[in-house]
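For this one, chain B is given, so just place chain Y on it according to the hints.
Which chain is which? The protein sequence lines are B and Y, in order. One point on numbering: in the numbering used here, the residue at position 38 of the first sequence is 52, and numbering is uninterrupted. One point on numbering: in the numbering used here, the residue at position 173 of the second sequence is 179, and numbering is uninterrupted.
These are computed hints drawn from the structure, not numbers from a lab. Cβ coordinates follow ideal geometry from the N, Cα and C atoms, glycine included. Treat the hints with caution; some may be incorrect.
[As the list claims (entries may be wrong)] Okay, derived cross-link-like pairs now, DSSO-like style, lysine-lysine, Cα gap no bigger than 27 angstroms in a straight line:
id	chain 1	residue 1	chain 2	residue 2
1	B	Lys-182	Y	Lys-138
2	Y	Lys-66	Y	Lys-22
3	Y	Lys-81	B	Lys-182
4	B	Lys-295	B	Lys-139
5	B	Lys-182	Y	Lys-114
6	Y	Lys-163	Y	Lys-181
7	Y	Lys-81	Y	Lys-190
8	Y	Lys-81	Y	Lys-17
9	Y	Lys-61	Y	Lys-27
[Unchecked claim] Covered stretches of chain Y (chain B as the covering partner; in silico rule of three or more C-beta atoms under 8 angstroms from a C-beta of chain B):
id	stretch
10	82-89
11	99-109
[To be verified] From the structure, some residues in chain Y lie toward chain B, with a derived Cβ separation under 8 angstroms:
id	residue
12	Ser-57
13	Ala-79
14	Arg-95
15	Leu-112
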Amino acid sequence: MNDLPQQLANGLLLGALYGLIAIGYTMVYGIVQLINFAHGEIFMIGGFGALTMWLWMPNGTSLLVALPLMILMAVICSVLVGVGAERFAYRPLRGAPRLAPLITAIGLSIALQQAIWAWYPEATKSRPFPEFSGPRLDFGAFTIERGELYLLIAAPVCMIALGFFVSKTRTGRAMQATSQDPDTAKLMGINTDRIIVMAFAIGAAFAAIAAIAHGLRYGEVNFKMGFIAGLKAFTAAVLGGIGNIYGAMIGGVVLGLSEAMATAYIADIPGMEQLGGGAWKDVWAFVLLILVLLLRPQGLLGERVSDRA
Amino acid sequence: MTALLQVEDLKVAYGKIEAVKGISFSVQSGEVVTLIGTNGAGKTTTLRTLSGLLKPSGGKIFFDGTPLNGVGAHKIVAMGLAHSPEGRRLFPRLTITENLQLGAFLRKDSAGIEQDITMCYELFPILGERRKQAAGTLSGGEQQMLAMGRALMSRPKLLMLDEPSMGLSPIMMQKIMETIRELKSQGTTILLVEQNAQAALSIADHGHVMEVGKVVLSGTGEELLHDESVRKAYLGED
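Isolated chain B, as found in the complex (with noise of 0.2 angstroms):
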C-alpha cells in the first residue's frame, strides 16, 4: 500500500468534484424537497457551454486566458437552464402530488440531453475538450495532472464563499429560513419565490464550474456526461444528508476516497482478486449508497429522516 498518499490524492479529487455537484441537488431539496434529476444535465451544459466559448477564441489561445471566459460562458448556460426549469417546469407543479415534480424532472433530464445530442454540432460523440499539457505536478508523495489545479483552487473556493454566504449575508439568513419553513419566512416578508431561483441559480452556478473540472480531468464532454455524475454527486448528497449543504461536501469527499479505495485495495483482499480494478468503481459508490440508506438513511450529518418524498 506505498501507494496510498497517490490513491487518497486522488480520491480527494473526485470527492471535490462530486461535492460541487451535490450542492445543487441539496439546495433545491432543502428548499423546495425536490430531487431534481435533470441537475445531471444542467451540469452537462455547462461543459458544452465551455467547449462553445474555447472554440470561439482565436487559434493559439493559451487554455489559461481562455479559461475565465469558459468559466462565465458554461455558468450562464447552466444558470439559465435551471433557472429556465425553475420557473417553466418545477414552478408550475408547486402544490402537485410529490410524483409529478419527480417524472418531470426525469423527463427534463431526457429532453435536455436529447437536445445536445440533436442540437449541438456533432455532440452525437464525445466533443474534444481542451486540457492542460506538460508533465505531471510532482507533490513528492503523489503527483497530479496539471489541469486538476483547477479544481484544487475551485472546489474550497467555492465551498467557502458558499458557506460565508449562507450563514453571515442577510439573503443567505432568508436561505435558511425558507428552508426551514416557508410559510412562516414569508410572514417575515421574505419573498420566497426568489429565494427559490437562487437556489437553483447557485447549484447550476456550482454544477458548471464542476462541468469544467470534469472537460478537463477526462479530456472531452458529451451528451451522457450529465447522468453518471448526476448519480455520483445524488449519491454524495444523500450520504452527507440531503439538505445540508456542508452534508454534501462531506458525502462527496467520502464518495471520493470509497471510491478510490475501494478500487485500489479491493482486490488485496483473498477472495476478491475478481473484483478489483476501474471497471468496479460505480458498483462500489453504489453499494455504499445502499448500505447508507439501510443503516443511516439521514445521511452523515442529516438531523432527522424527512417523511417528505
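Using the frame of chain B, we list chain Y on its own:
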C-alpha cells in the same frame, strides 16, 4: 374614522370546502379584537388569509385603506401587518437572536433593530439569557415569547396572534396574557385568536364568536363575557 383593518364578507375555501363563509368585522387603531370559537370554526383560516398565505374566494379586505386581495404575503408584512402563527412556527435551527433578526427582515435601520432586540430581551429576560441557543431547544412558553417578539420586530401597525396560549402551563399562559395586556397598554393594535375565551375576552375591546365559518355573535369583550350563550358554550358553565 376608518378602521385599520376592515373585513367585508370574507370567504375562504379549501378546494370545494368553504372554511370561512362570509364574515365581516373591523379593527380600529389601538384596539384589541378577539376571535373566539371552537376548533374548525375558521379562526386560523381567517388570519392566514389576512396575512396573504391563503387566497380569499370572495369578499374584501382593507388594511390601512388599501385593498389586500391578491397581495403576496411578503408584501403584506411590509404594509405593517404581522402574524404570529398558530404553533409558534419558529425557525428551529436558528438562534433566538437570528429569529428576531428575521422578524425585522424588511427593516433597514440596523441601529433600530438592535434597540428593538434589546427591548425584546427586557420584555422576556429568559430569551436574553439564551440568545445564542437554537429556537428549537426552547420550552413551549419560551417559544411563544419568541414568536411574539419576532412578530413585534417588524414594528407592525397590527399584530395578529394565533392561539398564543395553546399548550402552555397555566402559569405560562398567565404570563403571555399579561404580556398582551402590556402591549395593549403601550398602544399596540392586536387581533387575537384564542380558544381560551375567558382570558381573551377579558383583554379585548371587541370580540366575535365564530362557529363553522361564520360570525354568530359580536360585542364588546365585557358584553360577551357576560352573555349567557357564550358562558355556556365557551366558558364551561351550565
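Taking the hints in turn, this is what the structure says about them:
1. This hinted pair checks out: Lys-182(B) and Lys-138(Y) have alpha carbons roughly 15 angstroms apart, not beyond 27 angstroms.
2. About 20 angstroms separates the Cα atoms of Lys-66(Y) and Lys-22(Y), which keeps this hinted pair within 27 angstroms; it holds.
3. Proximity of Lys-81(Y) to Lys-182(B) is assessed by CA-CA distance (about 24 angstroms); at most 27 angstroms being required, the pair is judged to hold.
4. Simply put, Lys-295(B) and Lys-139(B) have alpha-carbon atoms about 24 angstroms apart, close enough for the 27 angstroms limit, and the pair holds.
5. Of the pairs offered as hints, the one joining Lys-182(B) and Lys-114(Y) holds, with about 16 angstroms between alpha carbons and a cut-off of 27 angstroms not exceeded.
6. As the CA atoms of Lys-163(Y) and Lys-181(Y) are separated by approximately 23 angstroms, the hinted pair is consistent with the 27 angstroms bound.
7. Proximity of Lys-81(Y) to Lys-190(Y) is assessed by CA-CA distance (about 25 angstroms); at most 27 angstroms being required, the pair is judged to hold.
8. Restraint check for Lys-81(Y) and Lys-17(Y): satisfied, since their Cα atoms lie roughly 21 angstroms apart, inside the 27 angstroms limit.
9. A C-alpha spacing of about 14 angstroms is found between Lys-61(Y) and Lys-27(Y), which places the hinted pair at or below 27 angstroms, so the restraint holds.
10. Remark: the stretch 82-89 of chain Y is confirmed as covered by chain B, as 4 of its residues place a Cβ nearer than 8 angstroms to a Cβ of that chain, reaching the required three.
11. Look at the stretch 99-109 of chain Y against chain B: 6 of its residues bring a Cβ nearer than 8 angstroms to a Cβ of that chain, three or more, so the hint holds.
12. The interface hint given for Ser-57(Y) holds, since its Cβ lies 6 angstroms from the closest Cβ of chain B, which is under the 8 angstroms cut-off.
13. At its closest, the beta carbon of Ala-79(Y) sits 4 angstroms from a beta carbon of chain B; the interface hint therefore holds under the 8 angstroms criterion.
14. A least Cβ separation of about 4 angstroms between Arg-95(Y) and chain B falls short of the 8 angstroms threshold, and the interface hint therefore holds.
15. At its closest, the beta carbon of Leu-112(Y) sits 4 angstroms from a beta carbon of chain B; the interface hint therefore holds under the 8 angstroms criterion.
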